[in-house]
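Q: What follows is each chain in one-letter form.
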Amino acid sequence: MGIGVKVLERPTEEVSYVRAMISGLGLTFKHMINPHKVTVQYPEVRSTISPRWRGTHRMLTTETGKAKCVACGLCPTVCPANCIKLVPGEDEQGNRYPLVFEIDEFRCIFCGYCQEVCPEEAIHVGRHYENSEYSREGFVYDLERLIAQTHPVCEMWDPADPKGE
Amino acid sequence: MNWWTRAFCPAGLPYDPQQPVPDSAFWHFLPIDLIAIVIKMLVVFTVYMVGVAMLTLAERKISAWIQDRHGPNRVLKGWGQPLADGVKNFMKEETLPKIVNRPLFLLAPALSFIPALITWAAIPFGAPLPTCWGRIDMVLANLPIGYLWVLSISSLGVYGIVFAGWASNNKYSLLGGLRSSAQMISYEIPLGMSMIAVLILTGNVSFSEIVRQQTWGWNVITLTLGCFIFMVSAFAENNRLPFDLPEAESELIAGYHTEYSAMKFSLFFIAEYANMVTQSAMIATIFFGGWSMPGLDGPPWTVLKWALSVAVFLGKVLFFLFVFMWIRWTLPRFRYDQLMSLGWKVLLPLSLSYIVIMASAVLGLDVLGIQHGWLLSLDLFVLNIVLMVIVFLVIDRGRLVSPASARVRAAELARLRAVAKVERPVEV
Numbered sequence: 182m183g184i185g186v187k188v189l190e191r192p193t194e195e196v197s198y199v200r201a202m203i204s205g206l207g208l209t210f211k212h213m214i215n216p217h218k219v220t221v222q223y224p225e226v227r228s229t230i231s232p233r234w235r236g237t238h239r240m241l242t243t244e245t246g247k248a249k250c251v252a253c254g255l256c257p258t259v260c261p262a263n264c265i266k267l268v269p270g271e272d273e274q275g276n277r278y279p280l281v282f283e284i285d286e287f288r289c290i291f292c293g294y295c296q297e298v299c300p301e302e303a304i305h306v307g308r309h310y311e312n313s314e315y316s317r318e319g320f321v322y323d324l325e326r327l328i329a330q331t332h333p334v335c336e337m338w339d340p341a342d343p344k345g346e
Numbered sequence: 221m222n223w224w225t226r227a228f229c230p231a232g233l234p235y236d237p238q239q240p241v242p243d244s245a246f247w248h249f250l251p252i253d254l255i256a257i258v259i260k261m262l263v264v265f266t267v268y269m270v271g272v273a274m275l276t277l278a279e280r281k282i283s284a285w286i287q288d289r290h291g292p293n294r295v296l297k298g299w300g301q302p303l304a305d306g307v308k309n310f311m312k313e314e315t316l317p318k319i320v321n322r323p324l325f326l327l328a329p330a331l332s333f334i335p336a337l338i339t340w341a342a343i344p345f346g347a348p349l350p351t352c353w354g355r356i357d358m359v360l361a362n363l364p365i366g367y368l369w370v371l372s373i374s375s376l377g378v379y380g381i382v383f384a385g386w387a388s389n390n391k392y393s394l395l396g397g398l399r400s401s402a403q404m405i406s407y408e409i410p411l412g413m414s415m416i417a418v419l420i421l422t423g424n425v426s427f428s429e430i431v432r433q434q435t436w437g438w439n440v441i442t443l444t445l446g447c448f449i450f451m452v453s454a455f456a457e458n459n460r461l462p463f464d465l466p467e468a469e470s471e472l473i474a475g476y477h478t479e480y481s482a483m484k485f486s487l488f489f490i491a492e493y494a495n496m497v498t499q500s501a502m503i504a505t506i507f508f509g510g511w512s513m514p515g516l517d518g519p520p521w522t523v524l525k526w527a528l529s530v531a532v533f534l535g536k537v538l539f540f541l542f543v544f545m546w547i548r549w550t551l552p553r554f555r556y557d558q559l560m561s562l563g564w565k566v567l568l569p570l571s572l573s574y575i576v577i578m579a580s581a582v583l584g585l586d587v588l589g590i591q592h593g594w595l596l597s598l599d600l601f602v603l604n605i606v607l608m609v610i611v612f613l614v615i616d617r618g619r620l621v622s623p624a625s626a627r628v629r630a631a632e633l634a635r636l637r638a639v640a641k642v643e644r645p646v647e648v
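Here the protein sequences come in this chain order: A and B. To convert, count from 1 in the first sequence and add 181; that's our numbering. To convert, count from 1 in the second sequence and add 220; that's our numbering.
Because the hints were derived from the structure by calculation, they are not lab data. The C-beta atom is built at its ideal place from N, Cα and C for all residues, glycine as well. Do not take every clue at face value.
Derived contacts from chain B toward chain A, CB cut-off under 8 Å, selection only [to be verified]:
hint, residue
1, Arg289
2, Trp546
3, Trp549
4, Asp616
Build the full structure now, drawing on both the sequences and the hints.
A: Now the structure itself:
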């Protein structure tokens, strides 16, 4: 306490250490014997995640099993983290398709802009969060791996309340 | 006569199970008393270390329960957690910064751990065990100077922390070490002083005698206020919340053990728990009757009595360990000036005046012809209740956690309020 600092008299019940301590001990004891615990036993029990959860990406496919992506280049353009690498290609019929489509999940900030901007509804962020790897390279998902993901995709808005009201 | 008796207690041994083992007692040329001491040491050390390891688990479990969590429950349903921690600590990298003072840096963890362990030697942990070689006392070293021994050894514990803080060559460590030395030296005084009342009542400094004396009522009844002072000081000596200023994670990173890692850090951790066990045992022995329980005191000694008394002692120690943890997870840390003012301005005068009051009370009752017994305990109990009420009424007026600066008088307060009123900007 600096010189000249004045301390106001407060009522005893406000400044009493003993009473506060006893009631505090009582409170902690009550919590200790309370059988209701809030911990979720993670690997066995998982808490439900929101339908708007934006997690690991997933590439949807057509009926023939090819990626829906037409390599328009919108998602690498809109991506704020610059984590999408896209090299477009063109087949004999003139259909564009991605030669290289890589997403660096390590750089991704999971904003979901790629899903929002995609005209073909091909790339999606997913309701999934367990994406640990042993190396940094492992976080670069190529097209094959994006297609292989099976988790449900993010619903960018609540269908019951599309305007977010 | 079972096989055990036949093998180890050949008939015709001239020793009395109710008397101490004679110095000349040999069995197959082995000195009985020496063997008994070695066995006691091994058993106590093992139980102590395993207990300390399990305490880390208990602490985490209790903290979890208090915070509505489950706590460690993976390795063998949680029971293997101390083992897993130990393995982890052995596998971890030992850091040895270049700028530390090597000898002291390496010595410090051991220095903080050893005193806690040695203190235990003087504490009686059970009724004597009658054997065919004679009575074996359940204390490692039945020191006639138990009280002095405990005080002097437990004072050494501060060296480990101060050395660690200084040798680390780190400002946070140094601050932690400084705080710890100030705190532990401050609180050693009320710790020792509060025990003096016990000595006055018992008339002896040996722990066995202190335990024996409490058959007429535990010292917590006859010396309630002393027990209170002792417990508060024990918490402070232990550097545990609400007195964990030497560590103070939020201010000092980890205080004196900032620079330590792996097993050396672990040794500080073990030392804290070892200290806790020792302090709990001290509280139990000095104020809560030690291993004695109504019905367990006094000869003739039997094996059943011995087993029960050890269980009673363990139960008391475990209870106080629980109290240590309960308080840790309830109370926030004191501010440094509050800590010092509690030590020097509350506990020291309190314990000093308590010595005077109790000494006069014991002397007065002695003059009145009241001997050790229920009546004396009752008289002292009434006196202590009165003292407790007075002390708590005074403490409860906010003086315990009030800052060190002066309080404001009513007139001064009115003047300040008037100033504040004038200076307040006019509301438009």
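Q: Hints the structure violates: just list their numbers, smallest first.
A: none
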